[in-house]
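**Student:** Here is how the chains run, residue by residue.
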Amino acid sequence: MIFQDPYGSLNPRRRVGAIIGDPFVIHKTATGAQRKRQVQELMERVGLNPEHYNRFPAEFSGGQRQRIGVARALALRPKLIICDEPVSALDVSIQAQVLNLLSDLQDDFGLSYLFIAHDLEVVRHVSNAVIVMYLGKVAEAGPKGPVYEMPRHPYTAALLSAAAAADPKLAAARQRIILTGDVPSPINPPSGCRFHPRCPKAAELCSQQEPPLESKLGDPATHVTACHFPVEAGENLAVADRRERR
Amino acid sequence: MSITEVQFQAQAVESAPEEAIQGRSQWQLTWRRLRQDKVAVTSIVVILIMVVLAILAPVFAAALGHGEYQAFTGAGLSSAGIPVGPGVHGFPLGTDYIGRDLLVRILYGARISLFVGLSTTLIATVAGVSIGLVAGYFGGVVDTVLARFIDTVLAFPFIVLALALAAIYGPSLLIVIGVITFFSWAGISRIVRGQTLSVKEKEYIEAARSLGAGPWRIMFIDILPNLLGPVLVLATLYIPTAVVFEATLSFLGIGIPAPTPSWGVILSEAQTYYQVAWWYVVFPAFALLITTLAFNLLGDGIRDAMDPRTERLFAARRKRRKDSVTLKDSEMPHTPPASVTGAG
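For the record, the sequence lines run as chains A and B.
For what it's worth, my numbering labels the leading residue of the first sequence as 1, then goes sequentially.
For what it's worth, my numbering labels the leading residue of the second sequence as 247, then goes sequentially.
Bound-form chain B, shown alone (with noise of 0.2 angstroms):
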């Protein structure tokens, strides 16, 4: 952050109406501003319908008497052992090979999905960041350590490795969620490490320093704020990223095993019916689909807000402002992290 960015950010502050003077932090600036944004308010909403129908599977399936393993052989497939569509026989969004209840198996498949997705996330951020600091804090020989292990975490073939575990200890939920950390908190690590090196330049961190901090206390309580911006963006953009891994993962018979509904072996199982039965890969292709797109679009949306000299929302409001001349202290710019695209 340059000075001439820290005096307009002060200049603007006390040029704001007396009411408006409050301490207002990091989090509820970006988040003022992350309400005005149509796209990310639409991402956040979709994610908790989404949230709140995994939650809600067994009450759709008590509701519709379908279990997500029953197997309805006689009313949930045609006479020619094809399955049925959607809306036929009381299956709203039809059934599978075996005539189970693909929405019901949807639904659950989104708690499996979106259970990966956020711990995997959890895990490698908290990970990464721990990771990142401390190669980044302390420099020199653990640096150097950290730094070859983050790049060889990431040279690594994931996929080789998922199938060798997969192969030994057979698949399951425990090796997809291990793999899928594994190969996450590596990138995490590296932009946490980058910021890292130029926050601990600052003077800030001497005059810490100088009152008898210890290494620990300045990383988490003095470096560690000042790249929350980043690292949030970074894994709300992990999740989707963490979706789709287990999905692929499971999709190639190496991940979820079978029975159990998850996303990608739905579309597993659908590949060899998708020409007689169109709503077996287009619903759960379509669920992994919005959800994927909404946690990105949310992402772009944090990052947008975090960071103000992005011209997509300046633009929409300068184009707002000239109908109303009133200026309001939500509009106030505000200083941001570093973008992440500029950490790397």
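Pulled out of the complex, with its shape left as it was, chain A reads as follows (with noise of 0.2 angstroms):
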């Protein structure tokens, strides 16, 4: 488990070699020197400075900190590990490295990841299936590719076409579809598919029964939609969406 506030998930109380080797003592993997060697080999693949193994958290910066985050969770050597937000508390150049950093050690113990995010550039960057999800529910899921390029769930498409782009000119070009109204209470949900008071698409049936996750208009089977009305190939949700409005 890799979490988001790199701040907020290291004890400011502990050393950074009791942190990291926290995971050793808790499941008696190691003990003494060998557990202070492993956790130094934790921190040197992970760019740390060995040396640092007695300086408290407060002297390291955000980046540093998330490897130490990032240290924690490889010391068992799991297969899985979940990253809630990693990269979302720093700054983009740090991201970068965070991320390259991630995909590095992936190569080399293979490890597998659960990717938690809202920046969809570094969804893309990172990931191999991307699950869309809205209040709790899963409204597209399928490998990275389709989903970017062919999005069916409206609000898939309305995310896609929010996120900022590089490249300015392709940013003036594009026409952003605008959701109304706020998220819904998750305590309190729509009837129905979740999305329906905020969808361009939205018709009587949408707020009636809650639509499955299957593979629409002809997708693969690993890409699958919950969604009465998916979006079609060259559709322009931004239109119906100003037409709605108007």
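One or more hints might be untrue.
Example chain B residues on the side facing chain A (calculated, C-beta under 8 angstroms, incomplete) [stated by the list, open to error]:
#, residue
1, Pro-332
2, Val-334
3, Gly-336
4, Tyr-450
5, Ser-456
6, Ala-459
7, Arg-463
8, Asp-468
Hints listed in this document are in silico derivations from the structure and should not be mistaken for laboratory results.
In this text, a Cβ means the ideal position worked out from N, Cα and C, and glycines have one as well.
Relying on the hints, combine the two individually framed chains into one complex.
**Tutor:** Structure (structure tokens):
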């Protein structure tokens, strides 16, 4: 598990060596000098100076702290690491460093990541398969390529249209799908399709029946969408939205 | 601890000169600041002197040739049977009502007072921290039961209980320690419980849980270090309370039984003689006063040292900084745990 907030996820009263060494202590896999050696190997592996073993978290920058979090998550050599927005609290340049580190570690240790993020460019960079969630339900899931190029769920389409583009020309040419209203409370979610109060394509059916998660419009079986009226190729939701609002 | 504070702290550390960067713990930083606090240093010196005097009480007794229970009915009392004053007949601080050396008795009294103060505070702190941690961490029914128990103890009339116990078992040191401990742990527990409630929501506790740490490990390894600051301050402030508590109980005759020289006992005996023998009241009272004052001021000093947001220290330091422009690394700001006052 890698946490979102590199400041909150490290105990300010404990030394880095103790924090990274915790998994070994808890699971009794290494003790004494052996544990220290393993911790220092981990620190080196994630790009920290092993001599900083006795420092406190407050003496590290955000990116370094996130590396400490990564080292801690790696300690027990897991097969799967859950990354809860691991880079959203970092600067863009530091984000790239941490992402590259994660990808290197993936190659070296044969890791799988469950990578939770809201930055679509980061998601595009790191993932093989993408799941888009709205109000606690899967809206769309599939391999990265199809989801990004041919989003079927109106929510996915709206998200992608709202993502910042690095190329200003592209950004200017793009028509944003502007969703109306706010995200409803997850405590009292809307009936039927949870997205229907804000969906530009919503119809009567959407408020009554929850759409099943299945492959739509000839998509491969790996690409599934929970929508009664999936977006078709070439369809312009931005226009639909504008009409609605008028 | 908010993110901005930590960032500020991190920046401060990074901008310090290269050789200054070393893993300095919360305690080292507190100690460095405490050393600059003249009042706190004086308090430490006073307390140390008191401890040394208490330890050396038998040496003084031997040097003066006056035992703690030894009554000098000849030299120690005037012809009218009144205690002799300081300096008379080789009694540095005079004598008490049956001609015992007051200095020796006060020094032996320091042993009792400090022992009661330190032992009760130690027991109360350990008990209070454990119960507070358990109540705060587990929550739910455990918390409800323990919190109500704490409230009950805090609402208890301590003099009545002490009187009742002394009446049944007769006054003794054990009962004094028991009573003081019983009424001290609850306050510490309440503070610790509140702090635990806030610390346990931190993400690093969740991280520890995700690594498979059990509740006891989380409580004592992950949460406790974050509470030690307030607990240390509180414990330091409980020592003088316990010393006064002991003196009060002894004064009332329900504490340390009479021939044993405790400050409360001496003061109690002095009640009837203060008009003819001022030293009989003044010296034990003074010993009690400076001891409790020193512990109280030290507690304040530790709190200030742990919380650099406290104005007093910073104001003094700013003034000093005007004189010398060089910024020493020891003057780096540091983020402390929440102060005790904010915890209740």
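**Student:** Just to be careful: measuring from the Cβ of B/Asp-468 to every Cβ in chain A, is the smallest value less than 8 angstroms?
**Tutor:** Nearest chain A Cβ about 6 angstroms off; hint holds.
**Student:** Quick one, is the B/Pro-332 hint okay against chain A at 8 angstroms, beta carbons?
**Tutor:** violated, 51 angstroms
**Student:** Once the shortest beta carbon distance from B/Ser-456 to chain A is found, is it less than 8 angstroms?
**Tutor:** holds, 4 angstroms
**Student:** May I ask you to test the interface hint for B/Gly-336 with respect to chain A, counting a Cβ-Cβ separation under 8 angstroms as satisfied?
**Tutor:** violated, 55 angstroms
**Student:** Hint validation: B/Arg-463 versus chain A, beta carbon distance must be below 8 angstroms. Holds or violated?
**Tutor:** Hint holds; B/Arg-463 Cβ to chain A Cβ min 7 angstroms, cut 8 angstroms.
**Student:** Does the closest beta carbon of chain A sit nearer than 8 angstroms to the beta carbon of B/Tyr-450?
**Tutor:** holds, 4 angstroms
**Student:** Checking hints one by one. Is B/Val-334 an interface residue toward chain A, by the C-beta closer than 8 angstroms rule?
**Tutor:** violated, 57 angstroms
**Student:** Next item in the hint list is B/Ala-459. Is there a CB on chain A closer than 8 angstroms to its CB?
**Tutor:** holds, 5 angstroms
Of the hints listed earlier, those the structure fails to meet are numbers 1, 2, 3, in rising order.
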